[in-house]
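Visitor: Chains E, F, R and G, in that order, are what the protein sequence lines are.
Once you know that position 127 of the first sequence is 133 in the working numbering, the rest is easy, because the numbers rise by one and skip nothing.
Once you know that position 114 of the second sequence is 120 in the working numbering, the rest is easy, because the numbers rise by one and skip nothing.
Once you know that position 55 of the third sequence is 61 in the working numbering, the rest is easy, because the numbers rise by one and skip nothing.
Once you know that position 16 of the fourth sequence is 22 in the working numbering, the rest is easy, because the numbers rise by one and skip nothing.
No lab work stands behind these hints: they were computed from the structure.
Be aware that a few hints might be false.
Because identical chains share one entry, a pair is satisfied inside a single copy or across any pair of copies.
Dumping the calculated DMTMM-like pairs for lysine to aspartate or glutamate here, alpha-carbon to alpha-carbon at most 20 Å [unchecked claim]:
1. 240 - 272
2. 240 - 100
3. 118 - 278
4. 240 - 115
5. 118 - 277
6. 240 - 256
7. 118 - 48
8. 240 - 125
9. 240 - 151
10. 240 - 207
11. 240 - 257
12. 118 - 324
13. 118 - 100
There are 4 protein chains.
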Amino acid sequence: MDLTHTEPLGVAVVGAGYWGPNLVRNFAASGRWDLRWLCDLDRDRAAAVVGRTSPTRVTDDLDLILGDPAVVAVAVATPAATHTAVALRCLEADRHVLVEKPLASSLADGRKLVEVAADRGLILMCDHTYCYTPVVSHIAGLVTDGALGDIQYIDSVRVNLGLVQGDIDVVWDLAPHDLSILDFVLPPDRRPVAVAAHGSDPVGAGHACVAYLVLELGGGACAHLHLNWLSPTKIRTTLLGGSRQMLVWDDLNPAQRLSIYDRGVDLRVADDEGRRQTLVSYRSGAMVAPSLPEREALAGVVTELADAITERRPARTDGAAGLRVLELLECADRSMQAGGRSVTVEEVGN
Amino acid sequence: MDLTHTEPLGVAVVGAGYWGPNLVRNFAASGRWDLRWLCDLDRDRAAAVVGRTSPTRVTDDLDLILGDPAVVAVAVATPAATHTAVALRCLEADRHVLVEKPLASSLADGRKLVEVAADRGLILMCDHTYCYTPVVSHIAGLVTDGALGDIQYIDSVRVNLGLVQGDIDVVWDLAPHDLSILDFVLPPDRRPVAVAAHGSDPVGAGHACVAYLVLELGGGACAHLHLNWLSPTKIRTTLLGGSRQMLVWDDLNPAQRLSIYDRGVDLRVADDEGRRQTLVSYRSGAMVAPSLPEREALAGVVTELADAITERRPARTDGAAGLRVLELLECADRSMQAGGRSVTVEEVGN
Amino acid sequence: MDLTHTEPLGVAVVGAGYWGPNLVRNFAASGRWDLRWLCDLDRDRAAAVVGRTSPTRVTDDLDLILGDPAVVAVAVATPAATHTAVALRCLEADRHVLVEKPLASSLADGRKLVEVAADRGLILMCDHTYCYTPVVSHIAGLVTDGALGDIQYIDSVRVNLGLVQGDIDVVWDLAPHDLSILDFVLPPDRRPVAVAAHGSDPVGAGHACVAYLVLELGGGACAHLHLNWLSPTKIRTTLLGGSRQMLVWDDLNPAQRLSIYDRGVDLRVADDEGRRQTLVSYRSGAMVAPSLPEREALAGVVTELADAITERRPARTDGAAGLRVLELLECADRSMQAGGRSVTVEEVGN
Amino acid sequence: MDLTHTEPLGVAVVGAGYWGPNLVRNFAASGRWDLRWLCDLDRDRAAAVVGRTSPTRVTDDLDLILGDPAVVAVAVATPAATHTAVALRCLEADRHVLVEKPLASSLADGRKLVEVAADRGLILMCDHTYCYTPVVSHIAGLVTDGALGDIQYIDSVRVNLGLVQGDIDVVWDLAPHDLSILDFVLPPDRRPVAVAAHGSDPVGAGHACVAYLVLELGGGACAHLHLNWLSPTKIRTTLLGGSRQMLVWDDLNPAQRLSIYDRGVDLRVADDEGRRQTLVSYRSGAMVAPSLPEREALAGVVTELADAITERRPARTDGAAGLRVLELLECADRSMQAGGRSVTVEEVGN
């Protein structure tokens, strides 16, 4: 395989459901890729997605795709339960793989994928889409350059009405977004080390439709996620408190997605004539909303996949990142089973 | 004591700090009350609160107040740690008592107050202010008349910057609002029965400045509170999901404080040729924002106190309601000490 | 030409600038149309718009398109100044025509187009896109069924930063949206009959970048437009006051695009013992936000064009509607030249 | 009269209607003032406003007040039509006067007041309350120090439901707010020089309930006011476009009242090989929301009145400022009578 920049790489998308069409659109629009196949058990649906006149072929047979030598990578956007099986077949056929989040439906399966990819020197990339948005890049920069100071807490609300999934609960459906963002934004020694989770299923779906995760971060701070399929309105808001600055990210407000506040609470212990006293002071300064470019994150994902392949280096959101997300999801599962007890990553790791 | 409607009742306010001035203003403006005293250790502060020219007398001596036979009731707005001592002295001097939330700084203390009041046939009322707002009355009506259907979950966010309290943590400071609202709005068999709490103190205040409470409600649904002194912006938003309707209460949006959505998720198990299948359908109907009157809740509080005294009946938010809030606060304390384990009301009750 | 429903109609788009790509996307996605050509002087741009692999041919030669007998309709999305020339050539070649707003760059030109289309029995349709949105349909329904009562005033704000056009001023750029909406929503006898316009050019663009239009409606009420290329934020808000209900349409708030208020002012003249007195009462009732479907308006435009052609009837937003918009634009031009004097449609009509 | 800082000045308020109680509250709370009288034809209303126990005396007789030698100033908050008569009596009794906006109900009346005050060396101050708010002070600072660059346009929306006034139209009711703000914020040579006004009375109130004013500013820019008593929602939003920065002032958003955008449009005329060409570029930078203190503007008004009296200097919003507002209101009146023709300040000035 000649993987120079100049020639588009052949790619196939598997899965024409909710997310697949977005992958199709971005691969088709990219100069780096030649989208050769869209595979779905429902061939009519796949045909509708690519359009009457597209050169992309439609099939319900993965083998046909893997038999096409021009296909160097496969993007897997099937239901979560089938990620492992599909991805594994592709890896074993020596194709690079991009997998929709979550990487697999269990930590064990995820590890299997990472191992096989490593053994064969293939790129295994997770489609952690948010990590390719301008707003998350900006936040990562603020964390890295110390503008926020020490992180005191993170609170994320990700709620809306539906879609109630049949095969996975609300944690496995929505938390991967937040967990992958935390993984990307935080320094390695500040990543989550334990999870306490509470879920509830008030509509009888068979698994949690409303859930709360308390994540203990390395260093002692705490992150919290509210995940909910039963909210009348859509909310996508993250608060991040830092010792220097604090921010609010409201992803549904394109005119002011990110607000950075020069606010905070400072405590100082004073010794007032032998009497220890805590003095609290508040900073309540200005707010700045940076100007962020509007660009589609998924375009960055498909470019990063091409770059990782051609430069023979791990992708920015590689299999290891996907595994760390899976570890936390497993912690959440175990915690819910144990009545909300905090479960450490170490526990599920062994 | 002659307590007819026609003559104003004598009252004293103890505490001229954050909340006291509001009580002073409302007692002074009420035709039902004659505000005779404002008591504070800082007499200058008290004098400034009543104003140069007010007939209300200022003192730092509670005995002076209790020696005034025209005083039939005392409103206690001192720091939480002193509620019990002050209230007890007033009750033992045969005065009716209105206590700022929380009723006491421990469940044991609260019980003591309730007992003494009961023994002496005195009114003991908690200033659960929110229960006297038009919006909470409206929500209570929606729950009672079944308009919301079965309650599926409740989620409340009560966050802002400061004030970091020295004597109580963020749970004891902010949760009484939400817990008293739940107590008022929910039918007795749906009230909280257990609490799992997670707190964090990233600024070194000596107690939690950020906390999350998961409340198990009678009947199995779940309520969740986010309480935070370290948020750059103020948020006061409650989501309530019901099987018929859902609502969003945004207390900071006076133009649309309450939004009631004809939305929801319905699950139906179908038998499709022997194969059990769960069918999910979504209602995504209109939203109605009722017109709510704008009136000060505290005016309702002081009127209710006068009514309870003259009608010799328990106040709407009586000592028992205050105790139920204290029980849940104690559950939260114990849960935080036990690493987030869910603690039942029954446990703390004995 | 056989124009049965079963076979897609051949169409060409002329102009690959700002709006053309949207037309291309919607014609390509429609089962009613076969998009055969995209024409632009910049062929590379046109090629990029249709995509590497599309069957739609690209050209810079309109004659080539008009020489293709399978093309029954042409959509014109060129700069406003060229609408007339391009549309006229298409009509004279016996093609149905859809023209981007405004229909032409002068009333005289617009009339010429309408005449030629009428003489040849061709469909001439204006792309008044907003008239095909769910929200405008809903408002039209409220007006028609009397739910709003008598219309008291309409106020629309359509402002944002840029794009400062070189060939047309802000009135010709933005007002066609509002004027076409008014034309669609109001009964014929309530349509605008006169315009007073004020414009200003604080950046030296050579024509108005900020403008205000006061429209006198038939029956005496008043509509007002604020049009502005120099606003730091984008606002798209319309207030409509009716004697029964009032509404706010905020097009940038997809979660609550339309709010209908049971509010109003009622005046009654009373005779109080011989003394005439005006009694004012206020209704301040609930607000309802109807659930509106999310669908792309332009899909409705291309379907309506196909329907009008096959059913041999005028399109919903036909040439006559386009002319009425042009009449008002000419009134605005003349009013600005006359220092803001109100100019009637009758004046420009003759 | 001894007017040292140390002793409070005696003051009386005339009018206990909508605004009077606010004046009463602020004079009573101020250490600079001794509020001796509240005068209203409805003595019961006045008594209710001061409260049962206040030392402020209540009367319906202005002579009684003017007979009290301790009263050095009178604040007039009666209906607009009576401002002149009441203020004149006070000035002629050698009292300093604060008048509710508008200063008088005609320009001629206003001039009379200014003359009499000047002749007698008395302070005549207009209660242009907004000029004492932190946000308007901040904006004035931005204009003065050049941070906004040249002002390109100002657009203000001041709408809500009611109160429909009987004696004055919506322009005289609401425009004084905006006109006094413009007067305060703009440099003298940039103040309004002409007004074109359009009003409408769709409910039959006898005068305009909806009005639009186009103000030509000195230097050529334009300001626009939308004034409306018939809006279902309250809006208080001002846009100000400057050549360097632009701002949005949303007075109903206390959490972000002022937003300052580093945005704008720059035009440059280039000479491209003999062909003149206008190049447009857009700045779309960050937004800053300054931290503004929350303090009651009226407290600043009563302090300024005391300062002006003791320092024997004109008040910040003096009679001359009140006259300039009256001139513009008269321009608006004449413009509405003349069908919207622009009327210059010079015309009404002579």
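Visitor: Compare the structure with each hint and give your call.
Guide: To see whether the hints hold, each was checked on the structure:
1. 240 - 272: Close across copies (18 Å), not inside one copy (34 Å); limit 20 Å.
2. 240 - 100: neither (41 Å within a copy, 50 Å between copies)
3. 118 - 278: Neither. Shortest intra-copy (61 Å) and inter-copy (36 Å) distances fail the 20 Å Cα cut-off.
4. 240 - 115: neither (32 Å within a copy, 43 Å between copies)
5. 118 - 277: neither (58 Å within a copy, 37 Å between copies)
6. 240 - 256: The answer is both: 11 Å in one copy and 14 Å across copies each meet 20 Å.
7. 118 - 48: The answer is neither: 28 Å in one copy and 51 Å across copies each exceed 20 Å.
8. 240 - 125: neither (42 Å within a copy, 51 Å between copies)
9. 240 - 151: neither (32 Å within a copy, 27 Å between copies)
10. 240 - 207: Classified as within; 19 Å inside a copy, 30 Å across copies.
11. 240 - 257: Intra 10 Å, inter 17 Å, cutoff 20 Å: intra and inter.
12. 118 - 324: Answer is within: at 14 Å inside a copy they meet the 20 Å cutoff, but 61 Å across does not.
13. 118 - 100: Close inside one copy (15 Å), not across copies (65 Å); limit 20 Å.
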